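Same order as they appear, the protein sequences are chains P and Y.
The numbering used here puts the first residue of the first sequence at 1, with every later residue one more than the last.
The numbering used here puts the first residue of the second sequence at 312, with every later residue one more than the last.
No lab work stands behind these hints: they were computed from the structure.
What you are looking at is a predicted structure, and each value in this text was computed from that prediction instead of being measured.
All C-beta atoms, glycine included, are put in the ideal place defined by N, C-alpha and C.
Among these hints, one or two may not hold up.
Claimed, not checked - Here are a few chain Y residues that sit away from chain P, every Cβ distance over 12 Å (derived from the structure): (1) Pro419; (2) Ala493; (3) Met498; (4) Thr534; (5) Gly543; (6) Phe611; (7) Phe776; (8) Ala789.
Said to hold, decoys possible - Restricting the straight-line Cα-Cα distance to at most 27 Å, the calculated cross-link-like pairs of lysine-lysine (DSS-like) are: (9) P:Lys213 <-> P:Lys143; (10) P:Lys280 <-> P:Lys105; (11) P:Lys280 <-> P:Lys204; (12) P:Lys213 <-> P:Lys280; (13) P:Lys143 <-> P:Lys280; (14) Y:Lys507 <-> P:Lys93; (15) P:Lys105 <-> Y:Lys507; (16) P:Lys143 <-> P:Lys91; (17) P:Lys91 <-> Y:Lys737.
As the list claims (entries may be wrong) - On the chain Y side, residues computed to face chain P include the following (Cβ under 7 Å): (18) Pro381; (19) Gly551; (20) Pro555; (21) Met557; (22) Ile561; (23) Met623; (24) Leu625; (25) Trp654; (26) Ser657; (27) Leu658; (28) Ala689; (29) Leu759; (30) Pro763; (31) Arg765; (32) Pro827.
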Amino acid sequence: MIHVFKVMAMMSVGISRMRRVLRAPAQIVLGLLASTAASANPVPWQLNMAKGVTETSRDVYDIHMVVLWICVAIGIVVFGAMFVAMFRFRKSKGAVPATWSHSTKLEVVWTVIPILILIASAWPATTLLIKMADTSGSEMTIKVTGYQWKWRYEYVDYFGEQPNINFISSLESQSNRTRQLGSGMDPHSVNVDGYPTYLLDVDKPLVLPVGVKVRFVVTADDVIHSWWVPALGWKQDAIPGIINSAWARIDEPGVYRGQCAELCGRGHGFMPIVIKALPKAEFEQWMAAQTSAPAAAATATTLAPTTAPKG
Amino acid sequence: MAHAAVHDEHHDTHDHKPQGFLNRWLFTTNHKDIGTLYLVFALIMFFTGGSMAMIIRAELFEPGMQLVQPEFFNQMTTIHALIMIFGAVMPAFVGLGNWMIPLQIGAPDMALPRMNNWSFWILPFAFVLLLSTLFMTGAGPQGGWTLYPPLSLQGGNSIAFVIFAIHMMGISSIMGAINIIATILNMRAPGMDLLKMPVFSWSWLITAFLLIAVMPVLAGAVTMLLTDKYFGTSFFDAAGGGDPVMFQHIFWFFGHPEVYIMILPAFGIVSEIIPTFSRKPLFGYTAMVYALACIAFLSFIVWAHHMFAVGMPLGGELYFMYATMLIAIPTGVKVFNWVTTMWEGSLTFETPMLFAIAFVILFTIGGFSGLMLAIVPADFQYHDTYFVVAHFHYVLVTGAIFGIMAAVYYWLPKWSGNMYSERWGKIHFWMSVISVNVLFFPQHFLGLAGMPRRIPDYNVAFADFNMISSIGGFWFGASQLLFVGVIVHAVYFSKNRATTQVWEGAKGLEWTVPSPAPHHTFTVPPVIDDSMLAHGDVTH
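Chain P extracted, bound-state conformation:
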């Protein structure tokens, strides 16, 4: 019964949301524009992948678009032929069925053409993948460790020095209170600088310098997680007992948000990732401040009380 009331309450809230849905068309256009701009964080009505803020992420976006347009082109030809057939060869229009049932020439054609298309799309994908796998020449190393349900960041190496910065990053408290079942709090009211940050903000972001090739070594302590900031163009599974690596060189200062992408238990939806990218000089100031006050850096915020165990 309680659930029935909850559903009804939800529906009534839903109606106000529905009005927003009805105002959609203008926002869809906005969403399209936003997604073609170099935006990095999700926006309402976003239709496409964001280009991100690294050369790699833009390459990933480009190859995504190439393959998408190849699919659209094939779709137009195939579905076009189907619709022509459906309208031209109707029995109700007196169509008389032909009796032919094979043509070796045709079948060779539509085996060979897809092979050529596949080779054409595998080529750039291979080049890009080789580039993405190459972590050599990294100037900085960050160790990322996934826990249920937070991330630990260790600054292992910065141009040959060991910064000795090490902290835990977990969901900030307003999101965490709002997301409790029956909290009665509105997710729309969780904002930072006008950007809705519900479930996409942390207490302590990963601070990184712009223009530096950062190597991430990714692992986990309990179950498998996956470290994903879309603006960087990749995700990397964080697996207990295994250390994976990936790299990024961020081009623009800014705040880039992501989430855990591998199911890791009840808090899976509640362990966001936030990168704060600073110009190199500002980053070094930040780093100096952290190392001079190690106590502050080590203030590892644990996850605020989560939902009571079910049962």
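Fit chain Y to the given chain P structure using the hints.
Chain Y in isolation, oriented as in the chain P frame:
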């Protein structure tokens, strides 16, 4: 005995049906009755798994947690998948195979009728066991249907029940597959050469080999989970020298062929229906059969494309990308051949044809997103997002399930002896095909915008498309009640008797037996006339 009374009945129903409910259904060895049991079971599971999907879509209707705890949400996603895959899609195909393979190849029954009975009657127990975990202390499985350790081993003892249920489902599938292979290889009527068989029977022959090959692999994987949990082994535990990624390799060595197990019979169904309503032979019959075999072979060598983000070596990623892209070629051949079958045909659009055409278009859209997912650098973005959710629901709902619905409308007159209501069938089709796109198409956008899958709550930027998707979900769910209505009406209330031929353009042995198909058919092997066979110009 049981059939003494039947002899007194009207002369055109030489039925010899066993009398009494238990005799008829529990002890049955008749392929048609077992087929019916499978199909009814699949329908019940479809609604069970579907109601879980409704809970998922209700929680995701808007941001914030409104209805369920995350733990329960995770149980819903896990069990929804297990029920739909092992309880709805696979048994539905086995049911269709049971009903139609003997009729299509001119056999009196399945080769191993008692095993057939057993392979069905295991299933209800397996699913009761699986569903019972929802009511256990410590709750049901919450680690996703893929059961990745270490997460899947974190929960309570329900995992042991889930593993035992999976073993039973596996045994059932393997027995079903053995039966189908034995039937097709041994019991074809004289003159029914393998390359004259209807494509549906071909698709099942190939699927059955896939099942026999991979169900034991799944059984091995889950057994290793069991021993890791209860007997101190460390197959997948890094702390004990094991490797959590090894589970994923073993699981997907089963899992990828599994997804083709769920689509190849649908390919077969569509290859029956499109020629019938185009009144034109299937284009490239031989190529269609080889394409099926080719897809089945490729399914064994592409498994790690489900794991591009686990940190495989570069060479491994490149290999699995290239191998995966190859699948597009035989799949393309199939799609092009269906379209060419329609070309210069004489088309009518009864409900089975509508579902078959929707299958070709929407499955192809799922194939396109599959091709995109094969591109490893792009997959680093798509992986584990709603883009993947959209992809596999296009191939499984508008693919496998639309294929099953097409088959039910196509063969229901043969099974029941009555025509279904074409008007309500078409309403069911249009409601389903529109709502399913409202449901799943926006999920592509959500994934591309950055929404991970399997999360119970999300940022408000994802709110609009989630609401649209949920509305589509409730609409699609409600539309399926029409499906039940149409079936019940056709079986029990329709006054519109089906002819033997049923469909003007239908070819094949199943259309030579009366409607409804008598309890026993082809007790004497039929004399095969090549012009009656399949749809292709099979003499070449």
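Here is how each hint holds up against the structure:
no.	hint	result
1	Pro419	31 Å, holds
2	Ala493	31 Å, holds
3	Met498	27 Å, holds
4	Thr534	21 Å, holds
5	Gly543	17 Å, holds
6	Phe611	20 Å, holds
7	Phe776	7 Å, violated
8	Ala789	15 Å, holds
9	P:Lys213 <-> P:Lys143	14 Å, holds
10	P:Lys280 <-> P:Lys105	62 Å, violated
11	P:Lys280 <-> P:Lys204	19 Å, holds
12	P:Lys213 <-> P:Lys280	12 Å, holds
13	P:Lys143 <-> P:Lys280	19 Å, holds
14	Y:Lys507 <-> P:Lys93	32 Å, violated
15	P:Lys105 <-> Y:Lys507	23 Å, holds
16	P:Lys143 <-> P:Lys91	67 Å, violated
17	P:Lys91 <-> Y:Lys737	18 Å, holds
18	Pro381	4 Å, holds
19	Gly551	10 Å, violated
20	Pro555	6 Å, holds
21	Met557	11 Å, violated
22	Ile561	15 Å, violated
23	Met623	10 Å, violated
24	Leu625	4 Å, holds
25	Trp654	5 Å, holds
26	Ser657	4 Å, holds
27	Leu658	5 Å, holds
28	Ala689	5 Å, holds
29	Leu759	4 Å, holds
30	Pro763	5 Å, holds
31	Arg765	4 Å, holds
32	Pro827	27 Å, violated
Hints 7, 10, 14, 16, 19, 21, 22, 23 and 32 from the earlier list are contradicted by this structure; the remaining hints agree with it.
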